[in-house]
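The primary structure of each chain is shown beneath.
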Amino acid sequence: MFKDSRLAHCNPDRDDFLRLLLRSEREVIRYVMAIVPNAADAQEIFQETAVALWKQIDKYDPSEPFTPWACRFAANKAKEHLRKQGRWYGFLDENIANALLERRAEISPLLDRRAKPLRDCVKSLPTHQRALIEKHYFDQRSIDELSIELKRTAAALYKSLQRIRVTLTDCVTNKLAASEATG
Amino acid sequence: MSRASDNAESRALWELASAVMEGTATETQRRELTARLRDSETMRDEYLAFVDLHAVLNTELSVMPSTSSTAQEPTRLVADQELSLRKTWQRRRIGLAAVAASLLVAGGFWGLATSLEREDMLQVSPRFATIAQLTNATWSGDSLSLGERIGPASLRIETGFARVEFDSGVEVTLEGPAEFTLVNETLAKLSRGILTATVPPGAERFQVNTPHAEVVDLGTSFGIELQDGGVSNVSVFDGEVEVGIREREEKRLVAEGESVSVNDQEVIESIGFDLAPFSKLWPVASGIVGSSESIRFAPPWPPQIRFVQSNEDIFIAVENRRTTLREPLAVNAALPGTYVEIADLTPAEIRPGETVRSYILHHSPSRKRGPLRAKRVKGSVTFDRPVLGVILRSEELRASSRLFSRRGFGENNPRRELQLTGNNDGDRITLSEDRRTISVDLIAPGMSSDLLRVIVEKPRARGARRRG
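Residue numbers (the working numbering), protein chains in the order written: chain W, -17 to 165; chain C, 73 to 540.
Keep in mind that the hints were calculated from the coordinates and are not lab data. Each hint should be verified, as a subset may be incorrect.
Restricting the straight-line Cα-Cα distance to at most 25 Å, the calculated cross-link-like pairs of lysine-lysine (PhoX-like) are [as the list claims (entries may be wrong)]:
no.: 1; chain 1: W; residue 1: LYS37; chain 2: W; residue 2: LYS61
no.: 2; chain 1: W; residue 1: LYS141; chain 2: W; residue 2: LYS105
no.: 3; chain 1: C; residue 1: LYS450; chain 2: C; residue 2: LYS352
no.: 4; chain 1: C; residue 1: LYS323; chain 2: W; residue 2: LYS105
no.: 5; chain 1: W; residue 1: LYS117; chain 2: W; residue 2: LYS141
no.: 6; chain 1: W; residue 1: LYS98; chain 2: C; residue 2: LYS323
I would like the entire structure built from these sequences, with the hints used as guidance.
Structure follows, in structure tokens:
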């Protein structure tokens, strides 16, 4: 009886499953990347998460926000991924993974504040650095592809990307400090 | 989060994290990073901030909201819905299609999706465009064939030309070397090369992104030349487009006959209108597969160019790219064959409801230096679709004059019709067996000139048919 009425109540929301899923995608992937910080792997985990969510959709309470619910599933899938995929062998363990995810939840408002000035920081990069970042992230070009296109070794490109990330990290920190000092 | 790049410990941490992020870390490096994260909460915070920056760049660089990504204000929903429609870039879109496919495999999902989503899932990667024409095209990426249906994909053309027709009716023509990415039915990206686009009524707001600019069509035709270093020159041939700097409020309306340049400093500047970069694209963009001898393509702007006089050339121009006939259209020659005399004509009516494209061919010798001895000019044009009929007599030219264009072509002047006299001073025209090639052999003595209107079959855009 309870189950039936609950299902009937849920039905219109179930129709929106795909919409909810797509809406939560970026947040879920960001969350997953805290312990599996590789874009392709995170995308794979998101797909597995989507299937798991769908199988358990009856257990979703539509009065609760969808993203945190999805993140719980994604955390399990991500930890499973670390255990099963050889290329992640030796990285983190259950305790550290949990500690990172917990801490990430605590500092997520700070991370969101840091994300805000990032666009301006990307813009303020010298042209060649910005071009590299755009090709790698915006055009989703792999290092190997870029290495051929830009006639630079993969190792040199990794170094450049690393330098740019450090520059962006500092830029974000500075801008945030400045805006919080004035605001 | 204090500034830490001058801290050796942070630097070492970030270096390890970068290797893990890029998938190049050795097991030793992974263990090393793990140990550092186990030991120190500060290091965990540093690490989380660093990888989150990478995650944000990955998920949001192209769509990064100006407000906090967790803010719950209503605009966030709108942005998200828009996002789910636009689905940004190719890999992302394919990723979503893969999600949909996994769900389908998981079972039971079918009944829940909307019809649009179902269509997406059915095709896994939705297809919304067709390769409509290839001319000497060689590919540096995956090669595509004529008539192939495509969805989100990158077209990398080394040489030659390709014309892509979106189901919405938008047509994009590329000249190699070029790289063009279809994101969805209303959004594409030019990373290299030259393109022209024509956007029919109903498909306005079709957008092409370049490294520094967003070009939004307002119902028109335009060209983009992307130069080395990322400078985009945008020229408008008809109508108006909006050129904006990506992710900034700055926008500029660019009208017919104007060009602007957007450089890598994201400055929009007016530049001299120049059609030259696009000259080779016109034939392909116009659905013309081949031409020979004296046929020349009239550039689309300024429109008066269609009246240009030349003793040696026959000009062809697209008059109307796509229109659906509302009443019967009388043509003078509808069947394959050679027309030398009036008696050869095969008059017919094209039925209302037929969707067609019209072209104007004209030959108008220059008489600036007084009457010349008339000279014969010949040429042939092959179209990508069958010719439904040719209009070449004064009465029918006049009757059809305003159906296809607001601009007249001098149809009211009886001296502009073709003279099928059967003699040496007469014009000849041949429609090939497959009805795709028209050959003309023209002579315009005295004060006469030659004008003919060619009506070619042009199927309605798929999108339009679906809506209809």
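Here is what the structure says about each hint:
At roughly 19 Å between alpha-carbon atoms, W/LYS37 and W/LYS61 fall within 25 Å of each other, so this suggested pair holds. Restraint check: the Cα-Cα separation between W/LYS141 and W/LYS105 comes to about 20 Å, which is no more than 25 Å; the hinted pair holds. With a C-alpha separation of about 21 Å, the suggested pairing of C/LYS450 with C/LYS352 holds against the 25 Å cut-off. Under the criterion of a C-alpha separation no larger than 25 Å, the hint pairing C/LYS323 with W/LYS105 is consistent with the structure, at around 18 Å.
For the hint pairing W/LYS117 with W/LYS141, the CA-to-CA distance comes to about 15 Å; that is within 25 Å, so the pair holds. For a cut-off of 25 Å, the pair hint linking W/LYS98 to C/LYS323 stands: about 22 Å separates their Cα positions.
Checked against the numbered hints given earlier, the structure satisfies every one of them.
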